[in-house]
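A.B. asks: Sequence:
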Amino acid sequence: MPQDSVEKFLGRLITDDDFRDQFKKNLARVCFEHGFDLTHAEQDIIQRLDPNHFVYLSNQIDKGIKRSRNSINNILKN
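Numbering (the numbering used here), first residue to last: 555 to 632.
No wet-lab data here; the hints were simulated from the structure. Please note that a few of the clues may not be correct.
Said to hold, decoys possible - Mimicking DSS-like on lysine-lysine, the simulated pairs with C-alpha atoms at most 30 Å apart in a straight line are:
| id | residue 1 | residue 2 |
| --- | --- | --- |
| 1 | 578 | 617 |
| 2 | 620 | 579 |
| 3 | 579 | 617 |
| 4 | 620 | 578 |
| 5 | 562 | 617 |
| 6 | 620 | 562 |
| 7 | 579 | 562 |
| 8 | 578 | 562 |
Since the model is a prediction, treat every value here as computed from it, not as a measurement.
Sequences are here, hints too, so could you generate the full structure?
C.D. replies: See the structure below:
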């Protein structure tokens, strides 16, 4: 599978809180529902990663490039 799919998936884990929560529950399902065509080997490797690392990275990046619950809630309030 192209490296591009893996990179997009990992980027989404960092920038999208809800996507990351879905990933924690069921990696295969989140891949299917969001159109990520990852191989079983790629899924196995990603599954072994600590989700807390993605939370840490997410907290380090500018909120302007994230899909966080807080930013969505702020948009809905306005």
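A.B. asks: Now, for every hint given, state plainly whether the structure supports it.
C.D. replies: Structure-based check of each hint:
{"no.": "1", "hint": "578 - 617", "result": "holds, 22 Å"}
{"no.": "2", "hint": "620 - 579", "result": "holds, 21 Å"}
{"no.": "3", "hint": "579 - 617", "result": "holds, 24 Å"}
{"no.": "4", "hint": "620 - 578", "result": "holds, 18 Å"}
{"no.": "5", "hint": "562 - 617", "result": "holds, 18 Å"}
{"no.": "6", "hint": "620 - 562", "result": "holds, 14 Å"}
{"no.": "7", "hint": "579 - 562", "result": "holds, 19 Å"}
{"no.": "8", "hint": "578 - 562", "result": "holds, 17 Å"}
Comparing the model with each numbered hint stated earlier shows that all of them hold.
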